[in-house]
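Protein chains: 2
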Amino acid sequence: MTTTINRQVRLAARPVGFPKTSDFELVEAAVPEPADGELLVRNSYMSVDPYMRGRMNDAKSYAPPFQLGEPMYGGAVGVVVESKHPDFSAGDAVTGSQGWREYDVVPGSAARKLDLDLAPMTAYLGVMGGTGFTAYVGLLDIGQPRAGETVFVSAAAGAVGSVVGQIASAMGCRVVGSAGSDAKVDFLTKELGFDAAFNYRTVDLEQALSETCPDGIDVYFENVGGDHLQAALNHMNPFGRIPACGMISLYNNAEPVPGPNNLATIVRQRITMRGFIISDHMDRRGDFERDMAAWLKDGSVKHYDTVVDGIENAVGAFLGLLQGENIGKMLVKVGPEPGGA
Amino acid sequence: MTTTINRQVRLAARPVGFPKTSDFELVEAAVPEPADGELLVRNSYMSVDPYMRGRMNDAKSYAPPFQLGEPMYGGAVGVVVESKHPDFSAGDAVTGSQGWREYDVVPGSAARKLDLDLAPMTAYLGVMGGTGFTAYVGLLDIGQPRAGETVFVSAAAGAVGSVVGQIASAMGCRVVGSAGSDAKVDFLTKELGFDAAFNYRTVDLEQALSETCPDGIDVYFENVGGDHLQAALNHMNPFGRIPACGMISLYNNAEPVPGPNNLATIVRQRITMRGFIISDHMDRRGDFERDMAAWLKDGSVKHYDTVVDGIENAVGAFLGLLQGENIGKMLVKVGPEPGGA
Numbered sequence: 056m057t058t059t060i061n062r063q064v065r066l067a068a069r070p071v072g073f074p075k076t077s078d079f080e081l082v083e084a085a086v087p088e089p090a091d092g093e094l095l096v097r098n099s100y101m102s103v104d105p106y107m108r109g110r111m112n113d114a115k116s117y118a119p120p121f122q123l124g125e126p127m128y129g130g131a132v133g134v135v136v137e138s139k140h141p142d143f144s145a146g147d148a149v150t151g152s153q154g155w156r157e158y159d160v161v162p163g164s165a166a167r168k169l170d171l172d173l174a175p176m177t178a179y180l181g182v183m184g185g186t187g188f189t190a191y192v193g194l195l196d197i198g199q200p201r202a203g204e205t206v207f208v209s210a211a212a213g214a215v216g217s218v219v220g221q222i223a224s225a226m227g228c229r230v231v232g233s234a235g236s237d238a239k240v241d242f243l244t245k246e247l248g249f250d251a252a253f254n255y256r257t258v259d260l261e262q263a264l265s266e267t268c269p270d271g272i273d274v275y276f277e278n279v280g281g282d283h284l285q286a287a288l289n290h291m292n293p294f295g296r297i298p299a300c301g302m303i304s305l306y307n308n309a310e311p312v313p314g315p316n317n318l319a320t321i322v323r324q325r326i327t328m329r330g331f332i333i334s335d336h337m338d339r340r341g342d343f344e345r346d347m348a349a350w351l352k353d354g355s356v357k358h359y360d361t362v363v364d365g366i367e368n369a370v371g372a373f374l375g376l377l378q379g380e381n382i383g384k385m386l387v388k389v390g391p392e393p394g395g396a
Numbered sequence: 056m057t058t059t060i061n062r063q064v065r066l067a068a069r070p071v072g073f074p075k076t077s078d079f080e081l082v083e084a085a086v087p088e089p090a091d092g093e094l095l096v097r098n099s100y101m102s103v104d105p106y107m108r109g110r111m112n113d114a115k116s117y118a119p120p121f122q123l124g125e126p127m128y129g130g131a132v133g134v135v136v137e138s139k140h141p142d143f144s145a146g147d148a149v150t151g152s153q154g155w156r157e158y159d160v161v162p163g164s165a166a167r168k169l170d171l172d173l174a175p176m177t178a179y180l181g182v183m184g185g186t187g188f189t190a191y192v193g194l195l196d197i198g199q200p201r202a203g204e205t206v207f208v209s210a211a212a213g214a215v216g217s218v219v220g221q222i223a224s225a226m227g228c229r230v231v232g233s234a235g236s237d238a239k240v241d242f243l244t245k246e247l248g249f250d251a252a253f254n255y256r257t258v259d260l261e262q263a264l265s266e267t268c269p270d271g272i273d274v275y276f277e278n279v280g281g282d283h284l285q286a287a288l289n290h291m292n293p294f295g296r297i298p299a300c301g302m303i304s305l306y307n308n309a310e311p312v313p314g315p316n317n318l319a320t321i322v323r324q325r326i327t328m329r330g331f332i333i334s335d336h337m338d339r340r341g342d343f344e345r346d347m348a349a350w351l352k353d354g355s356v357k358h359y360d361t362v363v364d365g366i367e368n369a370v371g372a373f374l375g376l377l378q379g380e381n382i383g384k385m386l387v388k389v390g391p392e393p394g395g396a
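Just so you know, the protein sequences line up as chains B and Y, in that order.
Plus 55 on top of the position in the first sequence (first one is 1) and you've got the working numbering.
Plus 55 on top of the position in the second sequence (first one is 1) and you've got the working numbering.
Keep in mind that the hints are not guaranteed to be accurate.
Which copy is meant is left open, because identical chains are indistinguishable; a pair holds if it fits in one copy or across any two.
[Stated by the list, open to error] In the SDA-like style, the derived pairs of lysine to any residue whose C-alpha atoms are separated by at most 20 Å in a straight line are: (1) K115 x E261; (2) K115 x G271; (3) K115 x E266; (4) K115 x N289; (5) K75 x G124; (6) K115 x Q262; (7) K115 x T327; (8) K75 x P105; (9) K75 x D113; (10) K168 x D147; (11) K115 x Q285; (12) K115 x P293; (13) K75 x L374; (14) K115 x N316.
Derived by calculation from the structure, the hints in this document are not laboratory data.
If you're wondering where the values come from, they're calculated on a predicted model, not measured in any experiment.
Produce the entire structure from the sequences given, and follow the hints as far as they go.
Listed below in structure tokens is the structure:
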């Protein structure tokens, strides 16, 4: 090992409203030592995700909140530096380590080798990782789209939304997305094959949905909440489904903000709105990996990411994510790829 | 026939906000003549229901709106005056005629004889009618309660709510209700066997739910919307279900009112909220009739109603319903029962 320093990002204060850089601190810790059965992993990339904002609050949720003064955690991929587990060797590319740090020790039983012939390393935090799995379960199991139906996706250029749209297209749905810049709208229609897309910052949502969803919405994949949900409800077809993956527009409100004024539509149109968390659906993981590998091979799904370099920029990447600065998956490169690049 | 006059209530104007008596008119029409295969029915009781408020608007919905200048319609039970169908005779008690009128002609194929040994005539507009069927499908199929779970019902002393609570009790659930008067709260706990109830007009909803649902809410049977939904969401357990039967608090708003500020709870707690309309679930009608007959016989469900006398008071009964003046099913007696009473 060439260093004994393991930089990591800790939660310094619980954010009130939109997080500030002073809510975080970059500290130097020691590189941990693997015990028998464990691996020392040098992280190559770490994931920043909207759900992490919720874990910064000290609130009851499906997962314990981040602890003040402790490193945060999240998805990462990296390279084995030292293995004390028979199934792994130094140099293996793996997932299983925690992010927001340069090095991590993980049990061999929690690590998985990456198939870099199938997809690049970063894809294992994106389309082949929790992001892709979230899109898969949310769209297919909760949304249950049928060919010919209209699927509307909010935050469509983001990590999950961009995969939802590609899967929905592959299934023969009409796919419409909203995003927060003209560049993202171009990305959706020109790269991802969306049938229509609009920049929600420059249009009237109601009018945009009337124009882009002339046959109404059958599945609204909810990433945003607030005005998006209200407008989508006004265009939902009878028996429409709303997989509720997240409501990023609400996460940074210091005070609660009133919601849609048209929830009675849920009754009138017999809509099903269902929240989901991917950890409840691990029985579908094998199906997901099989299907996504096939889609990657045949080109119906592609991986896109926005990579920020250096753990010292991880907080900036996270804050940028919350403001929609990414196209595709937002990642932070915190160390070399296998082979040293 | 002793009269040729058929009084009926027509929609005179589309209400703006809370309906006014001048939005309706009581007019005298001719008693219709049955053709071959039809019955002339003298209505005994007619139903007034919250959903009728929606049909007074000229808005896209699951059913066409009431037409201006035409009689409104809805559930009724009555007595056959003249039969031109071989399966029915004068004096038979039947359902199938339309309400908001004293007489109606119906095809014999659309009429059904009532079993007055099983339940009184009025019950066929309540627990044995669409009201009971709504409670049955909404609670069992949409809510899917399990023994030991907590079921919270809003508008619990109303037609649907009072049946929901009784079925949930019979299934071994902890049943909690909200209602709009102390008399209704007494009715819920002393007559219907609710485990707890509160008067939402005199308590803090959040605190009341904390006290009455110490283990959280697994099924919130939604009749009200607005503040009730917001408070219930804050107490929902993971994987909770919200059958959305109606949102009566919203029906008379002249302008849309903002909704709950905590819809992100749907994601965090993986809640399923699902609207339903009973006409989509006719495949369950046979199961409902079998089960409800059994519950009526063994006493686990009882029928309760509030009866207003005379078609000239039907509008008042409807407006009273919208203000919660009923306990159990709100009915209007518009003619004699079989035998002349």
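Which constraints among the numbered hints does this structure fail? Numbers only, ascending. none
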